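Going down the list, the sequences are from chains A and B.
Going by my numbering, the residue at position 172 of the first sequence is 172; the numbering climbs one at a time, nothing skipped.
Going by my numbering, the residue at position 377 of the second sequence is 377; the numbering climbs one at a time, nothing skipped.
Keep in mind the hints are simulated off the structure, nothing from the lab.
Hints may be right or wrong, so weigh each one.
To be verified - Listed below are the simulated SDA-like cross-link pairs for lysine to any residue, each with C-alpha atoms no more than 25 Å apart in a straight line:
id, chain 1, residue 1, chain 2, residue 2
1, B, LYS375, B, VAL268
2, B, LYS51, B, GLY366
3, B, LYS51, B, ASP160
4, B, LYS375, B, ALA353
5, B, LYS94, B, PHE131
6, B, LYS375, A, LEU82
7, B, LYS94, B, GLY234
8, B, LYS398, A, GLU86
9, B, LYS51, A, THR142
10, B, LYS398, B, VAL11
11, B, LYS193, B, GLN100
12, B, LYS191, B, ASP160
13, B, LYS398, A, LEU82
14, B, LYS193, B, GLY234
15, B, LYS364, B, LEU354
16, B, LYS398, A, ALA121
17, B, LYS94, B, GLN259
18, B, LYS191, B, THR110
19, B, LYS193, A, LEU105
20, B, LYS154, B, ASP129
21, B, LYS154, B, GLN122
22, B, LYS398, A, ASP83
23, B, LYS191, B, PRO225
24, B, LYS51, B, ASP265
25, A, LYS195, A, TYR20
26, B, LYS398, A, ARG107
27, B, LYS398, A, LEU105
28, B, LYS398, A, ALA84
29, B, LYS398, A, GLU85
30, B, LYS398, A, VAL8
31, B, LYS398, A, ASP89
To be verified - Restraint ranges, calculated between C-beta atoms of paired labels, are given here:
id, chain 1, residue 1, chain 2, residue 2, range
32, A, ALA124, B, ILE385, 27 to 37 Å
33, A, TYR20, B, ALA22, 16 to 26 Å
34, B, ALA22, A, THR66, 34 to 44 Å
35, A, GLY76, B, PHE12, 46 to 56 Å
36, A, ARG107, B, VAL357, 29 to 39 Å
37, B, ILE298, A, SER192, 57 to 67 Å
38, B, ARG397, A, THR66, 16 to 26 Å
39, B, ILE298, A, ARG125, 36 to 46 Å
40, B, ILE385, A, THR71, 16 to 26 Å
Only a predicted model underlies this, so the values are computations on that prediction, with no experimental measurement involved.
Ideal placement from N, C-alpha and C gives every residue a C-beta, glycine not left out.
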Amino acid sequence: MEAPAPRVAVIQTQDLRRVYSAGTEAEVVALHGVDLRIERGEFVAIMGPSGSGKSTLMNLIGCLDTPTSGTYRCDGVDISTLDAEERADLRLDKIGFVFQGFNLLSRMSALENVAMPMGYANVARDERVRRAQAALDAVGLTSRAQHRPSELSGGQQQRVAIARALINRPPILLADEPTGALDSRTGEEILSLFKQLRDEDHTVVLITHDAEVAAHADRIYEMRDGELHAATAPMQAPRA
Amino acid sequence: MNFMEVLRTAVFALRGNWMRSALTSLGVIIGIAAVIVMVSVGQGTQAEIDKLVSGLGSNRLDISGGSGVGGGGVRLAAGSRYTLSVDDADAIRKEIPEVQYVAASLRGGTQVVYAENNWSTQWQGVQADWFDINEWVIANGQPFDARDYTGAAKSVILGDTVAQQLFGDQDPVGQTVRLGRVPFTVVATLKPKGQGGFGQDQDDLVVVPLETARRRLSGATALPPGAVQQISLGVGRAEDLTYAQGEVEALLRQRHRIQPGDDDDFTVRNIAEIVATRTQTTRLMSLLLGAVAGISLIVGGIGIMNIMLVSVTERIREIGLRMAVGAGPGDIRKQFLAEAMLISLIGGVIGIALGIVGALLVGKFGALPVALNGKVVGLAAGFSIATGLFFGYYPARKASQLDPIEALRQQ
């Protein structure tokens with residue numbers, strides 16, 4: 001794992017700009033030329049208060065949105081030329097999302113929730129069940145496979161969501177305030193799960209406004225007024 | 001996403017809200033059942049008309065005596081005055097070559113008696129062409145010969161019903177029956193035609209030569225010499241029918257010395273025209289029935305669209321999430337379209353079953369004729385699929401065009 005060879009950039013942006021309602025009075029420049037390079041196996045946090053543009057950046061990195069100008073290469077693929085259908089395919093292959101509110105489908109069991117994205121990847125049904133069960137095993141929820149989300153604790157639900165995010169084996173795991181709805185101890189568990197994933201060569205990008213949470217990452221960036229700054233010291237944190 | 005997967009997801013989504021799905025289906029069930037019942041009734045009525053047409057023959061014209069004005073200015077029905085005569089029939093035969101068959105006739109009611117059996121029926125006094133025009137075929141025995149017609153022979157041909165009533169299994173040919181008080185020899189029986197287009201028994205009649213009828217049966221009624229009630233014409237080619245009708249009218253006006261502007265003292269009925277009018281009426285009725293059924297199907301379809309739109313709004317986060325994990329707009333569209341199609345297909349299957357049962361019940365207990373066939377069922381199946389596609393497309397498209405970022409932000 002500690003190979004010193006030149007590592008591949010899975011996320012690489014160049015002068016990335018995003019303008020909303022361009023040309024009208026309501027024009028908002030959410031991103032001013034962001035340059036970001038994240039390599040495989042890194043755990044990076046992007047911090048910033050609300051309105052700083054971090055959500056915009058996350059949506060771009062997650063291939064949910066296209067930039068107004070500049071380029072973004074997601075695992076080598078330039079997304080600016082892709083249409084909605086092609087971006088969906090790219091998300092399927094490259095990105096796993098973890099949300100603050102878990103976003104599990106309430107009528108499905110944990111196993112079905114985890115297996116759901118594989119339906120879009122045309123994985124055979126028995127293969128899907130097998131892989132989903134293995135993914136739940138990996139996050140320590142072997143015995144909870146048939147439970148509905150409402151029968152699980154917040155931490156367990158977030159683990160299901162992480163298992164779901166990883167089920168199609170994407171290189172990038174994009175977590176938006178993943179600990180926001182959890183108590184601090186459960187949050188710590190989730191964050192240590194991320195570190196474990198990083199060690200297994202996943203790239204984890206953590207979006208948060210909480211410096212303490214961000215401190216778990218190897219590298220921290222801060223968004224301010226649409227500009228990205230490398231935070232100097234990770235442990236400058238508690239400044240309440 | 002492959003087909004089975006889309007289907008499984010749709011079934012799952014519908015089961016989650018099964019009451020709502022069932023009620024939405026009900027709209028389609030009613031619509032499809034209505035289409036089947038209504039179209040079956042329309043087709044049944046049309047079939048009835050077709051039977052009527054084949055029973056009457058379409059190349060014929062019927063002339064009846066004039067409607068008159070009686071005492072006190074009361075208008076009398078056509079045929080109530082004897083304005084037609086055998087000479088009119090002869091003139092038509094001679095002067096209008098398009099007319100192939102001509103038969104003047106008289107008719108009335110009488111009692112037919114054989115041994116201790118008697119039967120009340122209609123008699124027709126006819127000329128020879130009458131059998132061709134009305135498509136009567138001799139079942140047994142010989143038709144009237146020339147001397148029967150000219151000599152006013154007391155010969156009679158029995159319709160099937162009369163023969164059955166008087167003779168049962170016995171052969172009537174050669175036997176003597178009495179019409180009123182006059183004895184007649186049975187020379188033949190007619191092949192049965194069965195029920196007519198208006199539901200009457202066509203076989204309940206006896207036929208005698210015209211002159212015999214005039215002398216022996218019209219009896220007390222003092223007829224003008226040579227008078228007849230009706231002249232039936234058979235036109236050789238159907239396309240000459242209207243032309244022949246005009247010629248006949250012109251000829252009779254001339255013979256009856258009717259001044260231009262005065263009313264005719266006769267009426268020419270064109271059976272084809274009557275049938276055409278009736279067919280048109282039936283077609284209009286079928287169309288109206290179909291339209292009513294179609295409207296209920298549209299209402300059912302709107303129900304589907306409504307529920308699917310609600311469903312899209314309710315599940316907006318689910319849509320956003322599915323898009324985030326890699327579902328493309330096409331996948332989302334397929335999913336919602338599959339749900340709409342499933343609702344309308346299930347509704348279609350139940351509706352077809354209900355419609356068939358309904359049509360059979362109407363045929364059995366209702367007063368309406370019903371013709372149920374595979375085409376109607378196929379049509380209904382096609383309609384249910386089309387309904388799902390048409391009314392499901394817009395909500396599905398709306399879902400597929402959602403912005404995943406916006407959708408995920410919804411509460």
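Here is what the structure says about each hint:
1. Pair hint B/LYS375 plus B/VAL268 does not hold up; C-alpha atoms about 40 Å apart against a cutoff of 25 Å.
2. Between the alpha carbons of B/LYS51 and B/GLY366 the distance comes to roughly 20 Å, so the proposed pair stays at or under 25 Å and holds.
3. Proposed proximity of B/LYS51 and B/ASP160 is supported: the alpha carbons are some 20 Å apart, at most 25 Å.
4. Between B/LYS375 and B/ALA353 the CA atoms are separated by roughly 15 Å; this keeps the pair inside 25 Å, and the hint holds.
5. Between the alpha carbons of B/LYS94 and B/PHE131 the distance comes to roughly 20 Å, so the proposed pair stays at or under 25 Å and holds.
6. Between B/LYS375 and A/LEU82, the direct Cα distance comes to roughly 48 Å. Violation of the 25 Å bound is thereby established for this hinted pair.
7. For the given pair, B/LYS94 sits about 14 Å from B/GLY234 by alpha-carbon distance, which is consistent with the 25 Å threshold.
8. Restraint check: the Cα-Cα separation between B/LYS398 and A/GLU86 comes to about 19 Å, which is no more than 25 Å; the hinted pair holds.
9. A distance of roughly 75 Å separates the Cα atoms of B/LYS51 and A/THR142; the hinted pair therefore is violated under the 25 Å criterion.
10. Annotation: proposed proximity of B/LYS398 to B/VAL11 holds, straight-line Cα distance about 20 Å (limit 25 Å).
11. Of the pairs offered as hints, the one joining B/LYS193 and B/GLN100 holds, with about 23 Å between alpha carbons and a cut-off of 25 Å not exceeded.
12. Distance check on the hinted pair: B/LYS191 and B/ASP160 sit about 7 Å apart at the alpha-carbon level, within 25 Å; holds.
13. With a CA separation close to 21 Å, the supplied pair B/LYS398 and A/LEU82 stays within the 25 Å bound.
14. Proximity of B/LYS193 to B/GLY234 is assessed by CA-CA distance (about 19 Å); at most 25 Å being required, the pair is judged to hold.
15. A hinted pair counts as satisfied when its Cα atoms are at most 25 Å apart, and B/LYS364 with B/LEU354 qualifies at roughly 15 Å.
16. A C-alpha spacing of about 23 Å is found between B/LYS398 and A/ALA121, which places the hinted pair at or below 25 Å, so the restraint holds.
17. Distance check on the hinted pair: B/LYS94 and B/GLN259 sit about 23 Å apart at the alpha-carbon level, within 25 Å; holds.
18. For a cut-off of 25 Å, the pair hint linking B/LYS191 to B/THR110 stands: about 21 Å separates their Cα positions.
19. Restraint check for B/LYS193 and A/LEU105: not satisfied, since their Cα atoms lie roughly 72 Å apart, outside the 25 Å limit.
20. For the hint pairing B/LYS154 with B/ASP129, the CA-to-CA distance comes to about 19 Å; that is within 25 Å, so the pair holds.
21. With a C-alpha separation of about 16 Å, the suggested pair B/LYS154 and B/GLN122 falls inside the 25 Å cut-off, and the hint holds.
22. A hinted pair counts as satisfied when its Cα atoms are at most 25 Å apart, and B/LYS398 with A/ASP83 qualifies at roughly 17 Å.
23. Only pairs whose Cα atoms come within 25 Å are accepted, and B/LYS191 paired with B/PRO225 is rejected, the gap being roughly 33 Å.
24. Under the criterion of a C-alpha separation no larger than 25 Å, the hint pairing B/LYS51 with B/ASP265 is inconsistent with the structure, at around 32 Å.
25. The hinted pair formed by A/LYS195 and A/TYR20 fails the criterion: a straight-line CA distance of about 35 Å is larger than 25 Å.
26. Taken as a hint, the B/LYS398 and A/ARG107 pair is honoured in the structure, with Cα atoms around 23 Å apart against an allowance of 25 Å.
27. For the hint pairing B/LYS398 with A/LEU105, the CA-to-CA distance comes to about 21 Å; that is within 25 Å, so the pair holds.
28. Restraint check: the Cα-Cα separation between B/LYS398 and A/ALA84 comes to about 14 Å, which is no more than 25 Å; the hinted pair holds.
29. Distance restraint check for B/LYS398 and A/GLU85: the Cα-Cα separation of roughly 15 Å lies within the 25 Å cut-off, and the hinted pair is therefore satisfied.
30. With a C-alpha separation of about 39 Å, the suggested pairing of B/LYS398 with A/VAL8 is violated against the 25 Å cut-off.
31. Note on B/LYS398 and A/ASP89: the hinted pairing holds, with a Cα-Cα distance of about 20 Å set against a maximum of 25 Å.
32. In this structure the supplied range 27 to 37 Å holds for A/ALA124 paired with B/ILE385, their Cβ-Cβ distance being about 29 Å.
33. For the hinted restraint 16 to 26 Å between A/TYR20 and B/ALA22, the CB-CB distance of approximately 44 Å leaves it violated.
34. A hinted range of 34 to 44 Å holds for the C-beta pair B/ALA22 and A/THR66, which are about 42 Å apart.
35. Separated by about 36 Å at the C-beta atoms, A/GLY76 and B/PHE12 break the suggested range of 46 to 56 Å.
36. Between A/ARG107 and B/VAL357 the Cβ separation comes to about 35 Å, which falls inside the hinted range of 29 to 39 Å.
37. Range check, B/ILE298 to A/SER192: about 59 Å between beta-carbon atoms, so the 57 to 67 Å window is met.
38. Between B/ARG397 and A/THR66 the CB atoms are about 21 Å apart, so this pair conforms to the stated range of 16 to 26 Å.
39. About 38 Å separates the C-beta atoms of B/ILE298 and A/ARG125, a value consistent with the hinted range of 36 to 46 Å.
40. Taking the beta carbon of each, B/ILE385 and A/THR71 are about 46 Å apart, not inside 16 to 26 Å as hinted.
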